[in-house]
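Trainee: Go by the hints and put chain B onto chain A.
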Amino acid sequence: MTLISLWYGQNHGLLPMAASNDAGEVDELFNFMMTIATGLFLLVEGVLVYSLFKFRRQKGDTTDGPPIEGNVPLEIVWTAIPTVIVFILSIYSFEIYNRMGGLDPMAAGDPGPQMMAHSHHHSELVALDTSQQNIALGLGISPESQQGINPLEIKVNGIQYAWVFTYPESGVISGEIHVPVNRPVALNMTAGDVIHAFWLPEFRIKQDVIPGRETNLVFTANQVGQYPVICAELCGAYHGGMKTQLYVQTEEEYAQWIQDNTFAMKESGESVAMNPVSNSDTEFLEPYAQDMGVDADTLAQLKP
Amino acid sequence: MSTTLERNAPISPPPPEQNEHPQRKWYEYFGFSTDHKVIGIQYLVTAFFFYFIGGALAEVMRTELSTPDPDFVQPEFYNQLLTMHGTIMLFLWIIPAGAAFANYLIPLMIGAEDMAFPRLNGVAFWMIPPGGILLMSSFFNGAPQAGWTSYPPLSLVSGKSGEEIWILSILILGTSSMLGAFNFVTTILLMRMPDMDIHSMPLFCWSMLATSGLIIIGTPVLGAALILLSFDLIAGTAFFNPAGGGDPIVYQHMFWFYSHPAVYIMILPFFGAISEILPVHARKPIFGYRAIAYSSLAISFLGLIVWAHHMFSSGTPGWLRMFFMATTMIIAVPTGIKVFSWCATIWGGKLSLNSAFIFAVGFLSSFLIGGLSGVMLASVPFDIHVHDTYFIVAHFHYVLFGGSVFGLFAAVYHWFPKMTGRMVNETLGQIHFVMTFIGFNITFLPMHQLGLQGMNRRIALYDPQFQFLNMVCTVGSYILALSTFPFIINIIWSLYKGEKAGRNPWRALTLEWQTASPPIIENFEEEPVLWAGPYDYGIDTESIDGDEDVEDMLAAVTSESQ
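Residue numbers (the working numbering), protein chains in the order written: chain A, 1 to 304; chain B, 305 to 866.
Extracted from the complex, chain A is given alone in its bound form:
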């Protein structure tokens, strides 16, 4: 039974590929829990099935079973074992969560609930960020990651039913997210209308995106590839269609993509000099609205 549990815990094949180191650690945690769960499952189901065959009442036997009303040592054992298991699981989960950056108190300044009208002026949010160092909502920088590497900051805005990614360094705005491999990426996320949730299944991370406040995710991709970005919080009728792609690219490809898009923005008459950070969502969404299938109503909703 132990062998089966150990084997199944490692070979359940239930998880998609892991595209970051954190994802690998979450998988190890899941495999560990799966091993214990398989063991307990086999034990209890085994007892039930065995009992159904072994202790079936014989025809005509109307006597009662043995009057066993309890067994204190046995009860102590089966109270103690789950206690120890959940204690170990808690410590292990705490450790993993800390390594993922979940307890980084400086991950972001949560300004608390703000007037939505204000939050749409990103400049004000930025100002609040620097003035208040509150506890993070979401995942911050892993304590193990080298402090030298400067995370790539990307602003994420969730609206019904699309994601908008803004790269403050270059001014690029996109409906897809491109990140370089092996560099920490810090997402500063907010929502324009209702609550959404930003989920990267291959990275095992998810964070609700909430109108009026900022939440964060930091991750480091270690595999070049294309991964789905899924909204995981019911956000309206077409919630199921609210998805886009995450492209993890080599440093060069990523630089090229940024350059192409900066160039494209220039061509389309958009001034690169204009700092999108100082615009409202509505203004910097307008050129992209058509592409992303966002209609005028949605844009109107965003107007402060």
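Keep in mind the hints are simulated off the structure, nothing from the lab.
The model shown is predicted, which means the values in this text are computed figures rather than measured ones.
Don't take each hint at face value.
[What the hints assert, rightly or not] Derived CB-CB ranges, DEER-like:
| # | chain 1 | residue 1 | chain 2 | residue 2 | range |
| --- | --- | --- | --- | --- | --- |
| 1 | B | 738 | A | 13 | 36 to 42 Å |
| 2 | B | 520 | A | 13 | 54 to 60 Å |
| 3 | A | 58 | B | 441 | 53 to 59 Å |
| 4 | B | 330 | A | 43 | 46 to 52 Å |
| 5 | B | 360 | A | 251 | 52 to 58 Å |
| 6 | B | 417 | A | 80 | 53 to 59 Å |
| 7 | A | 56 | B | 441 | 29 to 35 Å |
| 8 | A | 56 | B | 598 | 43 to 49 Å |
| 9 | B | 806 | A | 16 | 56 to 62 Å |
| 10 | B | 332 | A | 56 | 37 to 43 Å |
Cβ coordinates follow ideal geometry from the N, Cα and C atoms, glycine included.
Mentor: This is chain B only, laid out in the frame that chain A set:
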């Protein structure tokens, strides 16, 4: 409401043949009654009526999900379906069904004539039909579509009229639930027969104490949240609306402060029922009476401080996630104690594999999976991955269907002879079990994998890579739908043609089996006598063999008291 009851009329027991026992007339089951047994059956029949509606909605959803595109129903309507399915199943099926057994059984089990507040009891029941009809009426002008959780701001911008109807309906149903809970607590604490101390009352009463405590503490908070949400919705205030400076996360905290305990409100009564059913059919005392009784209270207490595990990926800081991870992990301990104690109760017994017992074993084996996945979900790093995916859908259906509903069917089969005076048909009952068990597992087991692989929940359209497993789930759900037919046929057939039950067909020891089946008005001919503990099987009966002796003893008791 009368149509509701007429359709399910056969549940009301047939007119009594011997007139020595005063019995209720059939029409009293359609009217305002203060008799706890009438009210209990009214609760049960009404709950089953809504079960069939909620189940039909689920079948429409599964049909839609057999293909990746939203082709069978529109996405808006799909969201209405999922909202209504959840609300109906929780507030109009499981919770009233638990209240049904509590109403029917508590006074009988503790040797009382009725509940402490019979009129209040009637009022509590009669709030359910209006609440249910109100909720159904929202289908006519746009049912709510924000999920049964109704998170703002989505609930403030979609399906507004339906949303307000939903709020009013939940307020009515919540009030009903609270009135019932006050009644249960008072009855259990004050109306036990003189010989019965709190440690010799049946475990079902313990579990209803724990349940009622949760209802009384939790429901007012839900009420407050919904009233504030209602202001946001119709008066334009901004308690939860970020557009006016409100905080939608506060709503989530208030909502889950009730709605996590609500999970225990839905499962604890059936934990109690299982603790009654297993010893009777295994002919063994319950293993660890006090451990099971106190673990109900422990679950109830811990259930109040785990709510934010529904919000691990919401607007919650890391320290809060860690705190709620720890409390959620701990709740596995009392739950584990119960599961192990039930297994030990079966072990070495003399098992009668009748419908009630196999449903109880089905409960144990399915609930186990829900419990194990529950411990996994308590772990924050893992929960972040699977939160709001089909893994969660699988988990809570294993708890609420595999747990509550299997427990409920076990209870129906176990107490049917008491409620109607007739036995159920065992063959049909076993067909019902096999179909339910197979259909249930085919429907919900693959959902674990879907969620882990990346399928989010509450979606009418999904990625084509998930189609095969969704098709499997849909097929399973059809089997589950078909499984209700042997049940319905069995109930109706047994009601008229079933073998006469006698007062104690299972040779059980709890007090409800010491009176006639169905019990007479005001329950007992004479003051009942507590001549054995509720689970004293195999004690003092080794030298004598069985059936006749119990009958003899019963007869002796009756003659003694006459």
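Trainee: Next step is simple, just say for each hint if it's right about the structure.
Mentor: Hint check:
no.: 1; hint: B:738 to A:13: 36 to 42 Å; verdict: 29 Å, violated
no.: 2; hint: B:520 to A:13: 54 to 60 Å; verdict: 46 Å, violated
no.: 3; hint: A:58 to B:441: 53 to 59 Å; verdict: 56 Å, holds
no.: 4; hint: B:330 to A:43: 46 to 52 Å; verdict: 49 Å, holds
no.: 5; hint: B:360 to A:251: 52 to 58 Å; verdict: 56 Å, holds
no.: 6; hint: B:417 to A:80: 53 to 59 Å; verdict: 44 Å, violated
no.: 7; hint: A:56 to B:441: 29 to 35 Å; verdict: 51 Å, violated
no.: 8; hint: A:56 to B:598: 43 to 49 Å; verdict: 32 Å, violated
no.: 9; hint: B:806 to A:16: 56 to 62 Å; verdict: 59 Å, holds
no.: 10; hint: B:332 to A:56: 37 to 43 Å; verdict: 42 Å, holds
In the structure shown, a violation is registered for the earlier hints numbered 1, 2, 6, 7, 8, in ascending order.
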